[in-house]
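Protein chains: 2
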Amino acid sequence: MRFIHTADWHIGKKLHGYDLIEDQLAVFLQLKEILCTKKVDALVVAGDVYDQSVPSEKAIKATNHLLAQLNLDLKLPLFVISGNHDSAVRLDTGSKWFDYTHFYLKTQMTACLEPIVYDDVQFFMLPYFKLQEAKNYFNDQNIVDLNSAFELLVKQMQAKFLPTKKHILITHCFVSNGLKDLEVGTQSPIDVKILECFDYVALGHLHNKNALKHPYIKYSGTPLKYSLSEANQTKGVWLVDTTKETCEFITLKPKHDITILKGEYAQIASLEYAKKVNSTDYIGIEITDTKVIPNALENLRQYYPKILNLKRLNGHEMLLTNFKQKTLKHLEPLELLATFFEDVNQQKLTNDQLVWAKEALEQSKGESYETTDA
Amino acid sequence: MRFIHTADWHIGKKLHGYDLIEDQLAVFLQLKEILCTKKVDALVVAGDVYDQSVPSEKAIKATNHLLAQLNLDLKLPLFVISGNHDSAVRLDTGSKWFDYTHFYLKTQMTACLEPIVYDDVQFFMLPYFKLQEAKNYFNDQNIVDLNSAFELLVKQMQAKFLPTKKHILITHCFVSNGLKDLEVGTQSPIDVKILECFDYVALGHLHNKNALKHPYIKYSGTPLKYSLSEANQTKGVWLVDTTKETCEFITLKPKHDITILKGEYAQIASLEYAKKVNSTDYIGIEITDTKVIPNALENLRQYYPKILNLKRLNGHEMLLTNFKQKTLKHLEPLELLATFFEDVNQQKLTNDQLVWAKEALEQSKGESYETTDA
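Residue numbers (the numbering used here), protein chains in the order written: chain E, 8 to 381; chain Z, 8 to 381.
Okay, chain E solo, but in the shape it has when bound:
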């Protein structure tokens, strides 16, 4: 069979205050086209359907409509799990009815032990879960981390492998290729090796499809760029063919891209430069100037209406940040002044300035003592 693997939809997401629902609907329109033109047999969504555990009515309306279109109008089987952003309980509403039309929505850890056979595939659906749930299920409070929990669960899943079927895991977690000590939030990573017994693993959680390099254990990434840090990532979905044992990445084109503009203020705040930029994009701006620029953000908005962020790479504020990061507390007052002056002005104090500073410092000391004595 052929299925599309996507994840981390984050429906209802706001980007620096901008409501992304129109962008999301536009990208789902493309997804529907792909599902039809590529003759796909099923859609897999590996968690984080919603951006928030209590989504807005707007987000719920859009999601309900989309899922009904896919499952009831297009008659497409859906395999959807909850992610850490979803409320398992809220998302679960209706799931018992959805089964009847091959819309498998699973929100409980134990769902993975009741695989769903569809076509030539056995789907194991393991939603996002917390360590305590595994401890309770295995009645073992000594399970140290999610990795150990996954080991135990995968063993139980393996025991249910039908030899004539392909075995596909859908899950939402942080899987790592060796960097054991790396942690995303409070989650310890799952060793990719634990999952290698499956024929394909459809992962959700990390937003970058390149977050893990593995031939058949893959993150799909988000369908859209959801932060400035994702500006240079390619977004899309995996088309998985279980017969040919291939997976092909199909890119999705955003309605409004995220673009980062980097350079001198005078250059970026010019009509000539702005003309080359898609004005409807979400824009992140990184200014290299060192001097103070009054009303920079306000002026830039005239060229770029949807600015997400203005960053001063070498500006006063960055210098101050760099300055503060040095160990300052051991400096004598005069050294402190000299360092500050050099950082802000990019030049040393002259001898005259140094003499003047010394005198001023002595004077202020005296005043200070007087004030204290008074």
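Keep in mind that the hints were calculated from the coordinates and are not lab data. Every value quoted in this text rests on a predicted model; they were computed, and no experiment measured them. Please note: incorrect hints may appear among the correct ones.
Given that identical chains are not distinguished, each listed pair holds provided it fits within a single copy or across any two copies.
Under the rule of at most 30 Å between Cα atoms (straight-line distance), these lysine-lysine pairs were calculated in the BS3-like manner [unchecked claim]:
| no. | residue 1 | residue 2 |
| --- | --- | --- |
| 1 | K142 | K68 |
| 2 | K103 | K68 |
| 3 | K65 | K142 |
| 4 | K82 | K68 |
| 5 | K65 | K137 |
Let chain E serve as the given structure and place chain Z on it in line with the hints.
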């Protein structure tokens, strides 16, 4: 056919801070028994499934479980509309799938124009809606009130009446038997006459089954007492038989009743009295004493752990309230004092007191002037 008419479940409701979910589950257990033993063909819920537009996870879990039991396990057709307490959008989740198993969940005003034929009945489902929705639908901004909107909608429904079927309306609104100027919240009442073309009208909104006296246009009321003002109401559901054209009220027994105790403090705060009261009930207490009673609530809780409210019918606070309600601003200071004294002490000022009060008043006037002049 035979169906049960219920409404105003308010799942997730809290009563003076007490979570009612256990009481609600207990009463739904009775409802399930009735549905089975009375060989009922369908269940009608006339709005306010939830108590809040954004219900808690606990409330959602309980509701999802209950509805799945009724519709999928007991194979019972369900006819459910949204009420003013529900979020139409949130409640609607899954509704397109529910249709397949005869679970008709309608949250849009226009749903009433697509009646559902089941057995010998045509069900017209008209959820709670706002006047503006009717104005928009009829493209007539001059529709003055809900009553006019209902008139127009009922006309359109009547045009769809199948002559071989019974016509049953399920709706959630304030229907009145003549008292045109009475209003519940901002809602003007619907004239009961508009609805008399139906064979039965299953109403939700008012919590008392006796809120409207009509042979076949009925409120079911809530399945439980949801406020102290409902303490003396009988709660239950209507069993409607469309063949025999009868409706029978079946009472539901609460796990914990609401009881109001009224009398002298010393009597109510006694073991002898408390023994006659079910200690697990929710208790409202009305004390008739006039004197101040220190720590009354605290002392009473030793006898009645779940006190909802303590009311002093003749106590100091009630006297003050009564006192304030009189027109006081026209009284001279001495009259004001005399009235206050009499209200609080239940006796008039003596002559000596009156003389003393006069002197004190004169004295304070003088002081006041001095202070002002200073």
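Each hint tested on the structure:
For a Cα distance limit of 30 Å, the shortest separation of K142 from K68 across copies, 22 Å, qualifies, whereas the shortest one inside one copy, 36 Å, does not. For a Cα distance limit of 30 Å, the shortest separation of K103 from K68 qualifies both inside one copy, at 20 Å, and across copies, at 12 Å. For the identical chains of this complex, K65 and K142 are inter-copy neighbours only, at 22 Å across copies versus 37 Å inside a copy, given an alpha-carbon limit of 30 Å. Both within a single protomer and between protomers do K82 and K68 lie at most 30 Å apart by alpha-carbon distance, with minima of 20 Å and 28 Å respectively.
Taking the closest pair of Cα atoms, K65 and K137 come within 30 Å of each other both inside a single copy (29 Å) and across two copies (18 Å).
Checked against the numbered hints given earlier, this structure breaks none of them.
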